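**Student:** Single-letter residue listing:
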Amino acid sequence: MNKAEEKTGRATVPDERGYFGAYGGRFVPETLIAALDELAEAYELYRYDQAFQEELKGWLSSYCGRPTALYRAKRLALELGVKEIYLKREDLAHTGAHKINNTMGQALMARRMGKKRLIAETGAGQHGVATATAAALFGLECEVYMGEKDIERQAMNVYRMNLLGAKVIPVTSGSRTLKDATNEAIRDWVTNVGHTHYSIGSVVGPHPYPLMVRDFQRIIGLETRTQILEIHGSLPDYIFACVGGGSNAIGVFHPFLEDDVKMVGVEAAGSGIESGAHSAPLCAGEPGVLHGSLSYLLQTDDGQIEEAHSISAGLDYPGVGPEHSFLNDQGRVEYISVTDDQALAALRLLCRAEGIIPALESAHALAGVASLAKQLKEQIVVINLSGRGDKDVATLAALEEKEGK
Amino acid sequence: MLRLNRSFAELKKQGRKALITFITAGDPDLEATCDLVETLVAAGADIVELGVPFSDPLADGPTIQAASTRALAQGTTLKKIIATVKEIRRRTEVSLILMSYYNPLYHYGLEKLVRDVYEAGVDGLIVPDLPLEESAELRRLAAEKLAIIPLAAPTTPDGRLTDIVAAGSGFLYYVTVTGITGTRTKLPEALSHSLDQVKKKISGKLPLAAGFGISTPEQARTVGKHADAIIVGSALVEIIARQGASKAGRQELSGRVKALRLALDS
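Residue numbers (the working numbering), protein chains in the order written: chain A, 1495 to 1899; chain B, 609 to 874.
Think of the hints as simulated: they come from the structure by calculation, not from any bench.
Here the structure is a predicted model, which means the values were calculated and not measured.
Treat the hints with care, since some could be wrong.
[Claimed, not checked] Using 20 Å as the maximum straight-line C-alpha spacing, the simulated EDC-like pairs for lysine to aspartate or glutamate come out as follows: (1) A:K1568 - A:D1731; (2) A:K1871 - A:E1717; (3) B:K687 - B:D643; (4) B:K687 - B:E719; (5) B:K688 - A:D1796; (6) B:K807 - B:E846; (7) A:K1871 - A:D1754; (8) A:K1756 - A:E1828; (9) B:K687 - A:E1828; (10) B:K687 - A:E1573; (11) A:K1643 - A:D1884; (12) B:K866 - B:E846; (13) B:K694 - A:E1848; (14) A:K1868 - A:D1731; (15) B:K720 - A:D1795; (16) B:K720 - A:E1780; (17) A:K1756 - A:E1717; (18) B:K813 - B:E752; (19) A:K1756 - A:E1848; (20) A:K1756 - A:E1578; (21) A:K1577 - A:E1848; (22) B:K688 - B:E719; (23) B:K720 - A:D1796; (24) B:K794 - B:E719; (25) B:K620 - B:D804; (26) B:K687 - A:D1795; (27) B:K688 - A:D1795.
[What the hints assert, rightly or not] Here are some, though not all, of the chain A residues that point toward chain B, as calculated from beta-carbon distances under 8 Å: (28) V1684; (29) V1783; (30) L1784.
In this text, a Cβ means the ideal position worked out from N, Cα and C, and glycines have one as well.
Take the sequences, apply the hints, and build the full model.
**Tutor:** In structure tokens:
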């Protein structure tokens, strides 16, 4: 451990009970505890198992196309008045987003643990597609829970999952989005825990998921570090990433936590924080327990979980990973929010300036940079472009029609 | 908690098994909840478990999920449920347990929660998403006032079961199936054997109650032979879903509880 690590203790979190400071833990029905113990034990083994790590690395490079490029976006930088902007191109990873980094890891583990069936929850459908892909590749059965509302707005991804041989199960309860899909996936897991692995798509859920998913996503930051040193010659001043559950953000942030690099997580402000229709628990929520861990949440005075709102299905979630809550309270990462409109403007800007159609989720990170552009004039900025926007084209077309463009 | 321990002690003396009935508080509304509790007690329930509705009840099947949604739509809150418990206490001395997911309790503030529900006349808490490792604070605060009723499942390893029993109070809630709440036409074949095994491991430290999936008098009789108590929820909630708290509904509810009682005592 270096001095900075000793000072912050960041490199040692989470503790063995899965706590990042005050956040995390395991708040699940007793039925699942044995399975979580089994998973945590397996993960402790594979985490340091060279054969496993080599195999994963092999798949990530030969099958997923890693390392993904770090691209210097000169025209975007010029448009925003920022000195230098680098885009970490997770949109170029197989299946079109960073989600595949995690599902390859989890599917490989599931296979080694003798589980025959993968289940997953999905919002935008990216994690569902990534799970279905890994399941197809490794010959595992796959069922994906998806809110009815998300099935409507992400029809293409539903079709992709079907093509890949997965079964998409519509969830009709509650807000019919990611939160409810997660409830249903947990209920499935409680029932079929013997032969099923639950492939959680973000750094949320009970221990060991926030740790495990973070570690699988750290490759984003590790590559970025090598690449920026190679291209630019020094570390960046800033890293920006969008935060829903927070897996792409923690993936790119984590390897830089002990460095002199500022980090900004961008939450979805939906129609605006003051409107109440948003998905920004770190900016406007309170700590509580949802889906197995203690973290910031959108909730009512009575402790009921509030429905989140965002144009981006992948950010439309009332909770956030516990490690983000920890980094927020520590002040290590600054969390801001941008509205649907800001994200849309940023999406259009990137399309025209650079010829890249970003996912609506990733457009929030771009909009975050745009909103802070004044303080970034002399800065080197990395933006994690977590996914591509093909899946959002129908949403955008419908919106433009509504706006009469 | 004293009330709860007394219930079990008396039943044991009489050689009878406890019938624990679950309904969701605020379904169809809180006023009706008071009447429904009276109906349950009059029909032979020994202990009444009131569910605190939650937006995301992830251990529950469709029946109790729907009851939660109905109750929340009526504006039911934990605060109002505590007030309702006070009203119920004016009418009956039955043992009352609140079943709540953790977030509403956590958000209320654990210290204030324990004080308020104890003063209202609640005897114990069941928190389905608060396993042993996370419940130390609540157990410390509840101490002698409230039973913090632990759950064990078919997937719980032996050593862990011992720890759960040692830390728990009131009774052990044994989840009969690997799954969520809801009626089932068939319970696991090995259930009787599993219950006997668990009973042996508890070795008298806590009464053993079996719940999840039990709905018919036949199931009550079979399971009752191997436990100190049975818990019936979804089968009763389903009646309320159809009938509300109407006279016909209360009659049907009463009929069902009497049939369970009879089967359990036979």
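**Student:** Are the hints correct? Go through all of them and say.
**Tutor:** Verification of the supplied hints:
no., hint, verdict
1, A:K1568 - A:D1731, "17 Å, holds"
2, A:K1871 - A:E1717, "25 Å, violated"
3, B:K687 - B:D643, "19 Å, holds"
4, B:K687 - B:E719, "14 Å, holds"
5, B:K688 - A:D1796, "10 Å, holds"
6, B:K807 - B:E846, "30 Å, violated"
7, A:K1871 - A:D1754, "18 Å, holds"
8, A:K1756 - A:E1828, "8 Å, holds"
9, B:K687 - A:E1828, "35 Å, violated"
10, B:K687 - A:E1573, "53 Å, violated"
11, A:K1643 - A:D1884, "18 Å, holds"
12, B:K866 - B:E846, "16 Å, holds"
13, B:K694 - A:E1848, "66 Å, violated"
14, A:K1868 - A:D1731, "14 Å, holds"
15, B:K720 - A:D1795, "15 Å, holds"
16, B:K720 - A:E1780, "18 Å, holds"
17, A:K1756 - A:E1717, "18 Å, holds"
18, B:K813 - B:E752, "16 Å, holds"
19, A:K1756 - A:E1848, "25 Å, violated"
20, A:K1756 - A:E1578, "15 Å, holds"
21, A:K1577 - A:E1848, "16 Å, holds"
22, B:K688 - B:E719, "18 Å, holds"
23, B:K720 - A:D1796, "14 Å, holds"
24, B:K794 - B:E719, "41 Å, violated"
25, B:K620 - B:D804, "17 Å, holds"
26, B:K687 - A:D1795, "10 Å, holds"
27, B:K688 - A:D1795, "13 Å, holds"
28, V1684, "6 Å, holds"
29, V1783, "5 Å, holds"
30, L1784, "7 Å, holds"
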